[in-house]
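Order-wise, the sequence lines are chains Y and S. With the working numbering, letter number 95 in the first sequence gets 89, and the count goes up by one each step, no holes. Each number in the working numbering corresponds to the 1-based position in the second sequence with 152 added.
Keep in mind that the hints were calculated from the coordinates and are not lab data. Keep in mind it's a predicted model, so treat the numbers as computed, not measured. Virtual Cβ for every residue (Gly too), placed ideally from N, Cα, C. Take these hints with a grain of salt, some might be off.
As the list claims (entries may be wrong) - Ranges between beta-carbon positions, derived for each pair:
no., chain 1, residue 1, chain 2, residue 2, range
1, Y, V58, S, D334, 39 to 47 angstroms
2, S, K180, Y, L95, 35 to 43 angstroms
3, Y, V57, S, F339, 41 to 49 angstroms
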Amino acid sequence: MSAFVDGELTGTEMLAIRRHIGECPDCREEYESLRMTKHAVAMLRTVAPREDFAASILRNLDVVSIPPYQRFINVICKYAARKLSPVAAALAVSGLVLAILAAGGQDRVLVQKPDVVATAPFGMRAHDVSFMPTVPETPMMYSNTRPLVVADHAAANLYLADFSVR
Amino acid sequence: MEFADTVAEVARNEDRREFDQLVERYHKQAYNIAYRMAGNHADAEDLTQEAFIRAFRFFGQYRRELPFDSWLYKIMSNVFIDRLRRRPKVKIRSIDQPVTTDEGEAQFEIADPSDGPEDIVLSQEMDSRVQAALENLPEAFRITVIYADIEGLSYEEIAEATKTNIGTVRSRLHRGRRLLRDRLKKFEHQLL
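Just chain Y, same shape as in the assembly:
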């Protein structure tokens, strides 16, 4: 009913409700009460701020510090939006953000390398590989695991490390 009061329905819906309200006293009462409520809120007087309020906002803006990365993103967004269509601008900005994140996300993840890789069939040692899972406490812990791919830098080869083979 509120959507009818606001004229936010399709033409057909508006006509159907208008016809119904003409015939149904309860719905007519509901409609009138909601319309009056909307009117009461709409008629609220406009409250004005103090005279120097705009100046006070501007003074506060003088001391706002915008972090450099935010300024950079703002400048890029602004100029991208001017030169490109909204979709292209959004794609360009997303691409830029992804590129920044990707560049910043290249940090090496330190993985604790055990001295001996249990009894892996090829007898590799941890310092030979770029990634190695933690050594199982007991051989049975890996009994159901699937083979892992492990890089051997020295031999420039990839190996399958199957810990289920003991």
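Place chain S on chain Y using the hints.
Okay, now just chain S, sitting in the frame of chain Y:
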């Protein structure tokens, strides 16, 4: 590096000039909405200030082809909700508002040197009642009703400003108005 700094500086100054004009143009409108959300002048000032500061921080991301006030209202809704979550459960009350007591509602009695005609007094009383009823609505309903009935935003614009969908706007508006109506029922004869 110096060139990049100069470009950033020029862009910042250009933004600032443009933003200053927008502050001049929209601060009264924003303040009125903030007052209706917060219910008193002190909170309305804080809310408006914070909304403009946040808007300035992200001004580069404002799409110039859209109306600035819609974008500002979006920020203001967020600021309002954030502040409600942060603040202690102490309510600052405006002297314009009626006080609810065991014996019903009472008004602060403060001498007003600029007494007007009776209809102005009645209108101010009604204003206070509607404002008090608004403040008793859940925040999401209050924001939706204010945007629809005071600012006259469409459902689509409200959905955008409150980061929700049109169905939710429709439901919040309907439930909000029904709650308001129930609260204002005893003053129904004064509403029109």
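Let me make sure I understand: some of the numbered hints might not hold for this structure. Which ones are they, in numerical order? Of the numbered hints, all hold.
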